[in-house]
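Number of protein chains: 2
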Amino acid sequence: MSKVHNFSAGPCILPKEVFEKSAESILNFNDSGLSLIEISHRSKDFIEVMEEARKLVREILNVPDNYEVLFLQGGASLGFLTAAYNLMGKKKTGGYLITGSWAKKAAKEASFMGNSFNVASSEDKNFNYIPKGYNLGDNIDYFHVTSNNTIFGTQIKKFYNGNIPLACDMSSDIFSREINIKDFDLIYAGAQKNMGPAGTTLYICKKDILGNSSVPIPTMLDLKVHADKDSMFNTPPVFAIYSSMLNLRWLKNIGGLSYIENQNNLKSKLIYDHIDNNSLFEGTANIEDRSSMNVTFSLLEQDLNETFEKMLKDASINGLKGHRSVGGFRASIYNAMPIESVSILVDIMRELENKKG
Amino acid sequence: MSKVHNFSAGPCILPKEVFEKSAESILNFNDSGLSLIEISHRSKDFIEVMEEARKLVREILNVPDNYEVLFLQGGASLGFLTAAYNLMGKKKTGGYLITGSWAKKAAKEASFMGNSFNVASSEDKNFNYIPKGYNLGDNIDYFHVTSNNTIFGTQIKKFYNGNIPLACDMSSDIFSREINIKDFDLIYAGAQKNMGPAGTTLYICKKDILGNSSVPIPTMLDLKVHADKDSMFNTPPVFAIYSSMLNLRWLKNIGGLSYIENQNNLKSKLIYDHIDNNSLFEGTANIEDRSSMNVTFSLLEQDLNETFEKMLKDASINGLKGHRSVGGFRASIYNAMPIESVSILVDIMRELENKKG
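One line per chain: the protein sequences are P and F, in this order. Letter by letter, the first sequence follows residues 0 to 356 of numbering that gives the first Met the number 0. Letter by letter, the second sequence follows residues 0 to 356 of numbering that gives the first Met the number 0.
All clues stand as given, with none of them false.
Calculated pairs, EDC-like style, for lysine to aspartate or glutamate (alpha carbon to alpha carbon, straight line, at most 16 Å): (1) F:LYS20 to P:GLU23; (2) P:LYS20 to F:GLU23; (3) P:LYS104 to F:ASP221.
These are computed hints drawn from the structure, not numbers from a lab.
Just chain P, same shape as in the assembly:
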């Protein structure tokens, strides 16, 4: 079978060795004669998995000791609610930077125990840029941002660094570049881009915030409950955490964030440079806010769509269709995407221009 180039926006490509080791462990985990998915989560073998996964997050992201690292469930969508519950203070208001559909959804959840305030929004231009130069005012308990907007192909390049606690939904670019954890009070991220398979959600939070909400928090949404039990308050999603651990091992072994950030920059530069030089295509996002994870672009002449799509299919290029709210195309080039696959995509775009010319 010819190699499939998987440009899916998530769940998405992961390293082949993660698939191989995950499959092996489902048949026989640690040579125990038992499957990974039939053992108790309280067994020594699984506790070691959980501890290694948390330790790898600390090592790779350089997480300071005064932060907790938790593997929970529910996706970033439950994270929207969890973030608001845990960060709500005396002002009973969260400030939100509205950079896309996910940011809007995050803001909505603050209304269930407090209020949300839109600090700034780029909805006026269908979220094709990241607002800047906004004023946070002094009526918010925390400031919430979305680091990368998968649908629109924009990414925050410089994070807020002030006195108001910063919360960040980092689902689609965590582990793709170096960040300074100290800039954040709470980071959360669904696994299914650069961390592992769908089914677990990473939380990294400053210990200071735990137990300091101004509102009563339901048990499963209280990060202190999970921190006190080392992410084992209830049965964790064993398989998703195990595969995430394998993927983090891979990331550490290939050189960690400095290596992968450089690779991701090379990959995204390759395709953005081509888009800017190919007369048939245009990028969707504001140039300075372009995401290194999700490259959104469209064909200037709609009647070429069918030809281009057939060329993509013939080359086994998968998952390039843009989100319905933007249209066009989206190349998601997460950590495990090899530069060779990006080159093949660029070659096809070039071939289309040559055909047309």
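Guided by the hints, dock chain F onto chain P, whose structure is given.
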């Protein structure tokens, strides 16, 4: 390697063919050249998995058309909160049957948007029985029960059948016996006993209850939100749903609930009969409330513990230690546990008595 007999309380034994097919699909799903865990959850291939899983639940449990079937995240622990949010009515009170630790945790969550009322409790005897003959009164919006108490080894044999909406945490015995879905307004169950690996939670709810709560429900806890999107409101836990689907296929193929209920009765009778006839052991739970899933028992002479534990280990019997709040032993004999493994355990118990004799 000698066969391991896995008596874990959950995550627990699943059929070997589920492990084999899951492992295969992680390497190459549906012969697509892609891994199950790297494909989009919006792809045709995964939508088919989700639909088949939901359809199998309907077929196996004979779910009427006026009920929804959903695969979500968060475990039964998040289900406690979700149940209370969705069922809270004008009386702002849920009634709870307190039959163990999980029931107590369920009741606690009602306090975040309403009140909980303990209809009856068996805590006076460390939950070794199921209360009966209680009065529900007329001040509750719904009645919440736990069908099977994993820790204490008790199980409800006859469910309430009246006018008050019935909610049931069925995590540890769903798919183990025939039930009448029409008795319930809401059933929820963590996957990791008889349904599949940890990481997904099944909800079966009467369509009538959706959108009728007396309190505002946060988005991810609102069953109507998930029902309207066919369990795809956010990225589902792909792997856990896929393996659950495989396990439900297995259950349907071997004969469904009537077959498995008979098998489970044979297995539990084998071990309970032996406990009652072996002078060294005693059962922990009240005889008429004994669980067919979790058999709790203890040694009458504590100084035999070490010998018994060594014999278990030599026979590759795994996961028999009782929960710390009960002590002794617990044999969890879920659907996939073969009667041969139960026989081997009984043989060892008999051997201990013979040695002692």
